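Number of protein chains: 2
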Amino acid sequence: MKHLTAAILVIGNEVLSGRTREANAYYAAGKLFAAGCKLGEVAIIPDDRDAIISTLNRLRQQFDAVITSGGIGPTHDDITMESIAAAFGVELIEHDYIVQAMTEHFGAEGLNEGRRRMSRVPQGARLIRCEKTIAPGAHIGNVYILAGVPYIFESQIDSILHQFGDRPYLRSEIEVALAESLFAGPLTIIQERYADIEVGSYPGRCGPNPCGKICLSGQDAERLQQAVGEVEKMLAELRIL
Amino acid sequence: MKHLTAAILVIGNEVLSGRTREANAYYAAGKLFAAGCKLGEVAIIPDDRDAIISTLNRLRQQFDAVITSGGIGPTHDDITMESIAAAFGVELIEHDYIVQAMTEHFGAEGLNEGRRRMSRVPQGARLIRCEKTIAPGAHIGNVYILAGVPYIFESQIDSILHQFGDRPYLRSEIEVALAESLFAGPLTIIQERYADIEVGSYPGRCGPNPCGKICLSGQDAERLQQAVGEVEKMLAELRIL
Chain R
1 MKHLTAAILV
11 IGNEVLSGRT
21 REANAYYAAG
31 KLFAAGCKLG
41 EVAIIPDDRD
51 AIISTLNRLR
61 QQFDAVITSG
71 GIGPTHDDIT
81 MESIAAAFGV
91 ELIEHDYIVQ
101 AMTEHFGAEG
111 LNEGRRRMSR
121 VPQGARLIRC
131 EKTIAPGAHI
141 GNVYILAGVP
151 YIFESQIDSI
161 LHQFGDRPYL
171 RSEIEVALAE
181 SLFAGPLTII
191 QERYADIEVG
201 SYPGRCGPNP
211 CGKICLSGQD
221 AERLQQAVGE
231 VEKMLAELRI
241 L
Chain V
1 MKHLTAAILV
11 IGNEVLSGRT
21 REANAYYAAG
31 KLFAAGCKLG
41 EVAIIPDDRD
51 AIISTLNRLR
61 QQFDAVITSG
71 GIGPTHDDIT
81 MESIAAAFGV
91 ELIEHDYIVQ
101 AMTEHFGAEG
111 LNEGRRRMSR
121 VPQGARLIRC
131 EKTIAPGAHI
141 GNVYILAGVP
151 YIFESQIDSI
161 LHQFGDRPYL
171 RSEIEVALAE
181 SLFAGPLTII
191 QERYADIEVG
201 SYPGRCGPNP
211 CGKICLSGQD
221 AERLQQAVGE
231 VEKMLAELRI
241 L
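Protein sequence lines, in the order shown, are assigned to chains R and V.
At position 230 of the first sequence (counting the first as 1) the number is 230 in the numbering used here, and the numbers step up by one without a gap.
At position 239 of the second sequence (counting the first as 1) the number is 239 in the numbering used here, and the numbers step up by one without a gap.
Don't take each hint at face value.
One copy or any two copies: either way a pair holds, since identical chains are not told apart in the list.
[Stated by the list, open to error] No more than 35 Å apart at the CA atoms, straight line, and that leaves these computed lysine-lysine pairs for DSBU-like:
hint : residue 1 : residue 2
1    : K132      : K213
2    : K132      : K38
3    : K233      : K2
4    : K31       : K213
5    : K233      : K38
What the hints contain is simulated information worked out from the structure, not anything from laboratory work.
Computed from a predicted model, the values in this text were never measured in an experiment.
Given these sequences and hints, build the entire structure.
Rendered as structure tokens:
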């Protein structure tokens, strides 16, 4: 069964301190939308065991699947694998396949403590391998544990994406050079008539005059096109007034 | 009393659908770090009443302050003010000051339903005014309700920042051209000796060779400089081996 709803859990002090602009959730959000999976929440939390356990346990009950990003490297602040094992109440084990792959790549003498840390996954987890790194991600229950380094995260997302979504979401945008408050009323009426289409209004900044975009999305191309037609008609009528 | 911990609650379907790359939490994170306030969580949730109420009530108990972004415009999907009023168990009221400012700006006949929506705040809230917009944000309890449009959000953050943080956080970064697993052990020992300094390691991608940055932060400049010195000494010793 494919996952129709998902949450993303970003684990990393570097995002919360403003050092790093979050990029992985943004990448995954676009991919999930296109796959037809509804992203219901993104949580960004620190490299903190209690925060990881409580947030993961909340999200994995609330959504079909959870994708985590970050904290699976070899250093002291990489505590995602052990925290997720604790969240599931299972042991953290050294995985034979990873130890073997590390040994082949680095030699037996290259298998230092840092690399041994990267060989540990929650008991019962399956590996998420990708060509970008020897250290795999892991999949346990409805949780996918991925890397924080963006080019590895992206490769891992692409490799698990076939398990997410059923019917792709589609999006249409209409530019508007009117103050939002002038079309808010009629737009509400259109939204009420198209419960299967999500209608949003996003003002922007384009000099002294109001401008922005009305954004419509949904899974049925024909219904989406109908709703777009109604918005365009509504805007044309407003411009005449 | 200044807020020493904070959470940011971003409310907006456009971020979860991958349409818009989140920018406001990133901006606020950098400002809070520099002010000396610890950002403990960023949550990105949809324009959904139940999600707003439950997430806000969790975060405002867990942190000194919560900053929300988005959902305070005039359209049907702008439900942040009414949801936060419900979270606090108070009425949503039309605020005299805002009605008056809107009337002065747009004329009595320009005070349409959309603009009336933007005049409503939770009962007991104080206004957060800024020069970028007539419609203010609001402050109730330990919650600051700000706009989603980035240039307005930024102006509002700047106007409330004096209430956050005590002693600024400082950051130092050291470039490293070594695989993380080679210095993970010694770095752990340094972290253990500097409990007041946060030490992170962030690998990057620079061609075939390993490279990355070790990032240290803390509130005491002297201690930070000492820890940086120890990391540099450790790396110099590793390079000789």
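Hints, one by one, checked against the model:
1. Proximity of K132 to K213 under the C-alpha cut-off of 35 Å is restricted to the inter-copy arrangement: shortest distance 19 Å between copies versus 38 Å within a copy.
2. In this homomeric assembly, K132 and K38 come within 35 Å of each other (Cα to Cα) both inside a single copy, at 27 Å, and across copies, at 34 Å.
3. In this assembly of identical chains, K233 and K2 lie within 35 Å of each other by CA distance neither inside one copy nor across copies; the values are 38 Å within and 51 Å between.
4. Proximity of K31 and K213 under a CA criterion of 35 Å is satisfied in both settings, with 22 Å inside one chain copy and 29 Å between copies.
5. For the homomeric pair K233 and K38, the shortest alpha-carbon distance inside one copy (29 Å) is at most 35 Å, but the shortest distance between copies (49 Å) is not.
Hint 3 alone, counting from the list given before, is not met by this structure.
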